[in-house]
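Listed here are the chains, written in short residue letters.
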Amino acid sequence: MHSFDVLVIGGGHAGVEAACAAARMGARTALVSFDLSAIGAMSCNPAIGGLGKGHLVREVDALDGVLGRAADAGAIHYRMLNRSKGSAVWGPRVQADRVRFKAAVQAMVRAQANLTLVQGEAAALVLEGGRVAGLELADGTMFHVKHLVLCTGTFLGGILFRGEERFEGGRIGENAAHRLALQLRGADLPMARLKTGTPPRLDGRTIDWAVLEEQPSDGEAWTMSPLTKRRINPRVFCAITRTTQAGHDAIRANLHRSPLFSGAIAAAGPRYCPSIEDKIHRFGDREGHQVFLEPEGLDTHMVYPNGISTSLPVDVQEEVVRTMPGCGRAEIVQPGYAVEYDHIDPRALTPDLQVRAIPGLYCAGQINGTTGYEEAAAQGLVAGLEAAAAALGKAAPKLDRANSYIAVMVDDLTLQGVSEPYRMLTARAEYRLRLRANNAATRLTGLGIAAGCIGAERRMWWERREDARKMFHVKHSQKVHARELADLGLPVRRDHGEKPLAEWLRYDGVTPEALAPWLGEITALDPLLAEEMAEDAAYAPYLARQDSELRDLRASEALPLPADFPYAEVPGLSNEMVERLTKAAPGTLAAAGRVPGVTPAALSALLVHARRKAAA
Amino acid sequence: MRSADTIFALSSGAPPAGVGVIRVSGPAAREALLALAGRVPEPRRASLTRLRDAEGALLDEALVLWFPGPNTATGEDLAEFHCHGGRAVIAAVEGALAALRGVRRAEPGEFTRRAFANGRIDLAEAEGLADLLSAETELQRAAALANAGGALSRQVELWRERVLVLSAEVEGVLDFSDEEDSADLPECFTWNIGALAGELSEWLARPRSERLGEGFRVVLAGPPNAGKSTLFNALVESEAAITSPIAGTTRDVIERSVAIEGVPFTFVDTAGLRDGTEADAIEVIGIARAEAELARADLVLWLGAEGEGPQGAWEIAAQADREGFATKAGARFTLSAVTGEGVAALKTALVETARAALPKPGEAALNARQHARLAEAEEALRDAKGTSDPLLVAEELRRARLAFDRLIGRATTEDMLDTLFGRFCIGK
Ligand SMILES: Cc1cc2nc3c(=O)[nH]c(=O)nc-3n(C[C@H](O)[C@H](O)[C@H](O)COP(=O)(O)OP(=O)(O)OC[C@H]3O[C@@H](n4cnc5c(N)ncnc54)[C@H](O)[C@@H]3O)c2cc1C
Ligand SMILES: Nc1nc2c(ncn2[C@@H]2O[C@H](COP(=O)(O)OP(=O)(O)OP(=O)(O)O)[C@@H](O)[C@H]2O)c(=O)[nH]1
Ligand SMILES: [Mg+2]
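Protein chains in written order, with this note's numbering: chain H, 1 to 616; chain D, 1 to 428.
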């Protein structure tokens, strides 16, 4: 009988982060997955980051996770999305070479101390007295473990659809996890189904690139992880093409053959990443939809046509592809498909991603109703840290909506549940101005060091950086007169008096570079930090204004609502509200206010009754 | 709460009247129906029944209604007896109810207080209720009623929804700029923000609800012996101030609140204004206070020499009955507080002026807290309008939403409730 502190099931993005995070915390950890050589596989788009998602990558990285560094190791195309807007919504995004990305993940997993890899199918949870006691593999191997993290992605009861064809599995060519799905369904957990899809892959040699508009990688120096010193791989360019009327006609003529429309798939799919048949059906009047042709790697000809995810039959997929400019002769190497799978209603989880009804069982990733690598990785990190902390009697870093997108997501999931696959958006974060992708290390690494989940390399990097930040603060508080700035030709009125440099940085046209006479060389030593500090200065008035809001939030977080709070006994709450509150079991009054449909009046009623109960 | 008493009250006008509606709210409402009517009718259906007391004596033939909680006005089980409106009948039915175990007469406002504690009404409505309970004049009552009935809450909800739509537009630009549809804000975006801010400004410019509580402030001023105190007494209809032929009789500020035709006033009598050289030390202080009062006044009645009063003051030619009385050329009112001549006309004009300056009856008026929140929302919208970075526009819109949320209590905090608990004793 093998024994571990924490055992993680599933070697996807969630599982990898969970296992490595638990091991970094010092827990003896095992990672069980069907096929160890598939660890780090990207099931869909070989891109990491983007709007909202880039923030998650940086945050996972700031807590010493795997994703950022692996993305850098595989990156062959970089773009900073939303560059023209305020920096809080910049979205770093890379396209990664699948093979290099996976190799980097595997290398990091294998190098991780305290982590044992086990190949096999997790078949059954062993429960004792209602809580987790162990795990049984399909081959009969037993593990003794009290903290289990479930990261099985789309594999629970997964069914693949392609036109009229059906396959069982979590990803094309891989088995589904049916025994486990049966056990969970039997365990009376609230389960539901969702679907997602992927486009066909094209052979790049059959695309006429010359006729298409090129989209080059940007020429800047940023990387996903600050521990990556520089960009290592050659850069490739993408191209932009469009769907056409002829293609739309073909889709319309065959809609009845798509499982999405024939009724075969009833589950909801992502609104933000719809299949092409959905797009045509819903926005029929559009002349064409943009499609990005993204090379999947340096050593492969595979091209990922971003924007035409589909589950239409193969012959229709081919017809549609061939009507796109530059793709008249394009060959499909691997047809697109949709997958429908079981997920758990995340409202059954507590904020540490533990199943409320089965202590010791944690869930992370697509199993919780999310979509995307970044979302999966971020949850894996949380579940891994929390499981290890629980096993070792330590405390995980305290994440909340005001310090991370990670906490925003976990809070949204556990309070609101999902009606479609959940994807991160910057709009979900109310304290967005303080949660920038480029200040993730400042926000989180210190918390990680305190919790004990940060390796030596990053700790040293961070300490040096904190010293530099202090220097910036000193320099930024220097007072300079408007005249001196105006003399340098800066757009500042001479009669604006004397102010600290931090305040001058709020003026349009006053950049850290322009303030070189006072800032000295520190800007050149670390331009990214200089940029972060300048943005801090620029946003400072807005952040100060949020302080009172945060005080209110903390105050209503101080009123706890026990998990068994009798909502039904509060007269006047509608049945719907009682049901939602009971399902989400918000831990505090503040959290109750974020449960959808809870009205101001209901919230006051809760407060009155919670107080009475506390007084009784 | 489930364990609370069951309360009853006559919810229609005072008897005698055509019908008297007695409402019963609380866990024993059902038993009350059983006890008096002998049965519980179908929910939300009026049914005609004979009411009897515990001895079986017939009380009345009445319509009874049964509303099971929680979807009722109070959030609790609720019963209604629509009786014949005579005094004796009402008293008999009330007596039979009061005799039941766990059933008692409601305290003023208790029904609505329960509605708040049970999540049936929000903060702004509850504040309206608190005002309603302390209303002393008809005008105060009408304004409080508008808030308690949710007029302000509904308006805020509408504004909030408009801001949500605007927010969704900016968020589209921020989060989906890589998709073709939502690259730019619609042209009317800024205009819409401005229009909304303008609407809020209009509300902010309206008279505030405390004005109703404090009343319209009228200060009487002029030199010693001008007859200020005498007129003051006439206006407040009591001998509140000492009057005498000695110059410098009134040395301090005297105020009295009265309602004239349902309009709340505060009248303020002051020390006669004269040079410090003629006045003693105490009077000098009184004069300084009088001057401070002039600054706070909604209206000054000036009894001194023409044109020497503060700007906007009404010129009053007082003591018109005296021999050798010389009126002022620009006198707005010529009167005698002693004979009463002209005083009624002054009162009528005061009522008219005060009405215009106080919240209109039935129109939701903002209190200081609500005004501050709404001002915050308005400022945020103006800032949003003046910003081009969509990220900051989004932040300002969020701030506006937050202000609305606080206004109606969505962002519930302990402090906010402490304030309210203080007024209501809800926690007891
Ligand atoms: C077809 C498809 C299309 C997608 N399209 C998009 C998209 O367009 N955009 C987007 O953002 N995201 C998309 N995704 C989602 C993205 O791939 C996932 O959200 C993300 O990879 C989820 O990570 P995960 O770690 O939760 O699960 P996965 O990456 O699915 O990993 C699950 C792992 O668990 C292992 N496993 C499962 N069950 C067992 C068991 N019983 N025993 C042992 N091992 C087990 C599997 O072998 C696998 O390694 C798509 C996914 C799929 C499958
Ligand atoms: N006949 C007549 N006498 C009046 C009238 N008004 C006031 N008086 C008399 O005038 C004297 C002064 O009146 P007050 O009301 O005390 O005057 P005041 O302006 O308050 O004076 P100070 O308090 O000293 O500033 C008193 O004796 C009053 O009785 C009036 O309308 N007619
Ligand atoms: Mg006097």
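Don't read these hints as lab results, they were simulated from the structure. Some hints could be false.
20 Å max Cα-Cα, derived EDC-like pairs, lysine to aspartate or glutamate [claimed, not checked]:
#1 85(H) x 383(D)
#2 85(H) x 171(D)
#3 347(D) x 237(D)
#4 613(H) x 252(D)
#5 279(H) x 220(H)
#6 85(H) x 405(D)
#7 479(H) x 457(H)
#8 385(D) x 552(H)
#9 85(H) x 291(D)
#10 499(H) x 536(H)
#11 583(H) x 318(H)
#12 398(H) x 220(H)
#13 475(H) x 430(H)
#14 479(H) x 463(H)
#15 229(H) x 213(H)
#16 85(H) x 5(D)
#17 398(H) x 420(H)
#18 328(D) x 293(D)
#19 398(H) x 412(H)
#20 385(D) x 237(D)
#21 583(H) x 420(H)
#22 85(H) x 188(H)
#23 583(H) x 557(H)
#24 85(H) x 306(D)
Hint by hint, here is what the structure shows:
1. Between the alpha carbons of residue 85(H) and residue 383(D) the distance comes to roughly 18 Å, so the proposed pair stays at or under 20 Å and holds.
2. Between residue 85(H) and residue 171(D) the alpha-carbon distance is near 12 Å, which keeps this suggested pair within the 20 Å criterion.
3. The straight-line distance between the Cα atoms of residue 347(D) and residue 237(D) is roughly 12 Å, inside the 20 Å bound, and the hint therefore holds.
4. For the hint pairing residue 613(H) with residue 252(D), the CA-to-CA distance comes to about 52 Å; that exceeds 20 Å, so the pair is violated.
5. The hinted pair formed by residue 279(H) and residue 220(H) fails the criterion: a straight-line CA distance of about 34 Å is larger than 20 Å.
6. Taking the CA atoms of residue 85(H) and residue 405(D), the gap is about 28 Å. The hint is violated against a cut of 20 Å.
7. In summary, the hint linking residue 479(H) to residue 457(H) is not supported, as the alpha carbons are separated by about 36 Å, beyond the 20 Å threshold.
8. For the given pair, residue 385(D) sits about 27 Å from residue 552(H) by alpha-carbon distance, which is inconsistent with the 20 Å threshold.
9. Using a Cα cut-off of 20 Å, the hinted pair residue 85(H) and residue 291(D) is violated, with the two alpha carbons roughly 56 Å apart.
10. For a cut-off of 20 Å, the pair hint linking residue 499(H) to residue 536(H) stands: about 16 Å separates their Cα positions.
11. Distance check on the hinted pair: residue 583(H) and residue 318(H) sit about 45 Å apart at the alpha-carbon level, beyond 20 Å; violated.
12. For the suggested pair residue 398(H) and residue 220(H), the alpha carbons sit about 34 Å apart, so the restraint of at most 20 Å is broken.
13. Only pairs whose Cα atoms come within 20 Å are accepted, and residue 475(H) paired with residue 430(H) is rejected, the gap being roughly 31 Å.
14. Straight-line distance between C-alpha atoms of residue 479(H) and residue 463(H) comes to about 27 Å, which puts the hinted pair past the 20 Å bound.
15. For the suggested pair residue 229(H) and residue 213(H), the alpha carbons sit about 31 Å apart, so the restraint of at most 20 Å is broken.
16. Note on residue 85(H) and residue 5(D): the hinted pairing is violated, with a Cα-Cα distance of about 59 Å set against a maximum of 20 Å.
17. Of the pairs offered as hints, the one joining residue 398(H) and residue 420(H) is violated, with about 28 Å between alpha carbons and a cut-off of 20 Å exceeded.
18. Proposed proximity of residue 328(D) and residue 293(D) is contradicted: the alpha carbons are some 24 Å apart, above 20 Å.
19. Distance restraint check for residue 398(H) and residue 412(H): the Cα-Cα separation of roughly 16 Å lies within the 20 Å cut-off, and the hinted pair is therefore satisfied.
20. Taken as a hint, the residue 385(D) and residue 237(D) pair is broken in the structure, with Cα atoms around 53 Å apart against an allowance of 20 Å.
21. With a CA separation close to 17 Å, the supplied pair residue 583(H) and residue 420(H) stays within the 20 Å bound.
22. As the CA atoms of residue 85(H) and residue 188(H) are separated by approximately 47 Å, the hinted pair breaks the 20 Å bound.
23. Restraint check for residue 583(H) and residue 557(H): satisfied, since their Cα atoms lie roughly 19 Å apart, inside the 20 Å limit.
24. Among the hinted pairs, residue 85(H) with residue 306(D) is inconsistent with the structure: their alpha-carbon atoms are about 64 Å apart, more than 20 Å.
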